[in-house]
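Residue-level listing of the chains:
There are 4 protein chains.
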Amino acid sequence: MAKSKFEYVRLFETEDRCLPNSWIVVRVDGKGFHKFSTEHDYEKPNDMRALSLMNKAAASVMEEFKDICLAYGQSDEYSFVFRKETQVYSRRSAKLSTNVCSLFTSAFVYYWSEHFPSSKPLYPPVFDGRTVLYPSNQNIRDYLSWRQADCHINNLYNTTFWALILKAGLTPGEAEQKLKGTLSGDKNEILFSQFSINYNKEPEMLRKGTILVRRKVPVALPDGSGTREKSQVIQLHTDVIGDEFWNENNHLLTIS
Amino acid sequence: MAKSKFEYVRLFETEDRCLPNSWIVVRVDGKGFHKFSTEHDYEKPNDMRALSLMNKAAASVMEEFKDICLAYGQSDEYSFVFRKETQVYSRRSAKLSTNVCSLFTSAFVYYWSEHFPSSKPLYPPVFDGRTVLYPSNQNIRDYLSWRQADCHINNLYNTTFWALILKAGLTPGEAEQKLKGTLSGDKNEILFSQFSINYNKEPEMLRKGTILVRRKVPVALPDGSGTREKSQVIQLHTDVIGDEFWNENNHLLTIS
Amino acid sequence: MAKSKFEYVRLFETEDRCLPNSWIVVRVDGKGFHKFSTEHDYEKPNDMRALSLMNKAAASVMEEFKDICLAYGQSDEYSFVFRKETQVYSRRSAKLSTNVCSLFTSAFVYYWSEHFPSSKPLYPPVFDGRTVLYPSNQNIRDYLSWRQADCHINNLYNTTFWALILKAGLTPGEAEQKLKGTLSGDKNEILFSQFSINYNKEPEMLRKGTILVRRKVPVALPDGSGTREKSQVIQLHTDVIGDEFWNENNHLLTIS
Amino acid sequence: MAKSKFEYVRLFETEDRCLPNSWIVVRVDGKGFHKFSTEHDYEKPNDMRALSLMNKAAASVMEEFKDICLAYGQSDEYSFVFRKETQVYSRRSAKLSTNVCSLFTSAFVYYWSEHFPSSKPLYPPVFDGRTVLYPSNQNIRDYLSWRQADCHINNLYNTTFWALILKAGLTPGEAEQKLKGTLSGDKNEILFSQFSINYNKEPEMLRKGTILVRRKVPVALPDGSGTREKSQVIQLHTDVIGDEFWNENNHLLTIS
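Residue numbers (numbering that gives the first Met the number 0), protein chains in the order written: chain A, 0 to 255; chain B, 0 to 255; chain C, 0 to 255; chain D, 0 to 255.
Facing chain B, from chain A, some residues (calculated, C-beta under 7 Å):
| no. | residue |
| --- | --- |
| 1 | F11 |
| 2 | S96 |
| 3 | C100 |
| 4 | L102 |
No lab work stands behind these hints: they were computed from the structure. The structure presented is a predicted model; accordingly, all values stated were derived computationally and were not measured. Positions of the beta carbon are idealized from the N, C-alpha and C atoms, including for glycine.
Looking at chain A on its own, in the form it has when it is part of the complex (with noise of 0.2 Å):
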């Protein structure tokens, strides 16, 4: 079709294409979650529809985005790792961010009914996101054991805030005042002393949050002759800090 004379704006665009042979994560993270949880009742210290409804959507986008090798959430927050060869978007940044995050947010309205069946968002909720390059291995395990101990760390805290609220009916200026200075050991300490929770003993999925990986599984062929493979996105809540789950998953840092 005919051009304007008006067309030569396009090229105040730029081109931000992210270095090659890198590790891209693009996070999304809750804008103002604190204050939509309390207004969503989500449960405190966690709310397992509200995790359900992440993994749903994190789930959504690794299904569209074939080269994201793995994703990590916790809380509000999901990180999307893509493989380092990946041409996705021929590696344009603000290309890959807005269309995770937008899938991930639309997903995470779209599936809403699903874990909160008696409600509707009271407002549209909205999520921000970035993407950040790792160049090395070693790298992209640093920044996904940063989540992960994050997520232990708050959720240690928001457990035991929580009990100290909800159990022994402190309000939350005692509770932060209790455990203000409190290392991990003075929580747990806590925990098992005053509650009886056994920390260690909380499910994983609060612990160490959730990862998303792919893995082929039989699927049975329609004419009832066998089985074939098929990749699928599964949910593990395992630790990725230590070298066990990297030996086992070893393709993942494997480059192709």
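Dock chains B, C and D against the given chain A, drawing on the hints supplied.
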């Protein structure tokens, strides 16, 4: 809270602040909306429900970001113009594009049922986003002119194309063939002579797209004692290529 | 010629085009010139040989890059202003900064002996460079005003500081102590009452720095039959903070 | 000192830090050196004075920047490899490229007379510079292999081209025509059969280019009591495409 030894990975995040004193445009674009519109039985050449949903989603973005002074939408795209001096998110490019894009997407899904009451989307719709800078008032005007010229060119084509199919019974291939190489005048002539359609009488929203601006409107005081002024987002479907709109809205291009 | 299998590494180079329709400034700055000036016996507070060498090096840059419309220098720095529309090196930021910086450095060493006839530099002097964008005419004027105000502040300080040392016999430490917390008026007063120096009568090149612009000047035709106009780089030492300079040189800010 | 109201223009400077944990290469390239070499009577196909001057300039850069672990030069270009972890100039891209480029240029002019004793350059020579990142050890090896393969291809061509001109009396046009479409083997054959030149016996500096690395060398103690180790920049003209060099210098690719 305690910081982990993995914290260093934050240093891999990059700074992406937009040049100061420049217009910031965030444009969102439907991903695969040709297919999406077909699968969701959008009326051709234009679906008023879809356009009003786009306008609703865009208005939600403007309600949230007070520094967006104008938005322009047509078809499956919307451009949001932040005022030159905005400091929202410290002018960080990815923050701006992902937040706008996420909120737009979220509102699109959230308000879907108000505009398409009888159906649910078949899957979560996606919009991508990008941030573009325009240094001068002429540049930002030319940007908006570019989009509106694009709206005109596409809508004239689509109106004629679908008239040939829906009213003259041509196949899409035949309609495409017939329009190949035609100029605007030719298409106007086909519409008028063959379908008695005076293109210039078509709804302005279709020919010009939608401009969202803020206007002070009087609202009644609760005690009935009079009115007060309130800023409100209003829709226009007027020409932004000529000077008239800008003369009437000269506050838009004035630096505060 | 044949391409090697290693050619792929070119893809790691990044695009760094400057935003169109913006003023491009490349500023070069002497690296470690406090030390360099001492080691090369620069006269204090100002060395006219060094300043004229700086101006010569800057003029060499302007002779080479016709799209530099103005340059401003003071002390060991020089700023080169490319016209808004320049397409030199496709506006690539690193190309601009490294070429300007390299030519400036090269000319500084090359022409050294013309300005310091009796000595050779003790080692190769170095200048760093940077590219900065300014969208509006006001911004580029403010940029130049910033550098000229800096020139004024530093030169007034240095003139007083060195008068205290060279004429009143203070040590550098004592001079520094004496000037601590003084305002411009105080320094003017010290210069006048103690050294009979009227600062406003000091050479303009020292108080204002040097502006390089192009002027059409008449040059004699080889056959003696008259003159023709030729563009030439000339030096000014005038105020660029007020309006007068810009009114007299209004072609500089007019978009062609 | 007092800040002026123009100070705000500093905010227009952009952050350009290189991704951490990546190899940083700064490559400088002669600007218009085809013309420069002709005007300065460089011997063809290679001028040993020019190459030794390039090596001297490069060594000056390595003496200054201790974080450059290796440099590679050929023809009118030199690549400087900063170790992955370098924090020089906070890894700011423009700072690195302009400083290296300025020092290289400065040293080239400064040391000119040591290598071309009988003449002065006709005008200040210029080198441009660029910063490129390479995430992995394989990438940086491939980068250097790319430059060395380029050296080989060009030198074989130039050696044959100039033999045809200088020894067989062809015009440049005729020599070009004769070499069109020839492979390496063809050029080796021309050199051997027509000029009795065994290309593989040509000086390694011409065939392989120059690698600069640091080596601990023993230096005599002033009191004659023995020696101590000192780091020194040395020249090699060896193959860097194969594994041997890297095995012998395996500290280069080891992360400290």
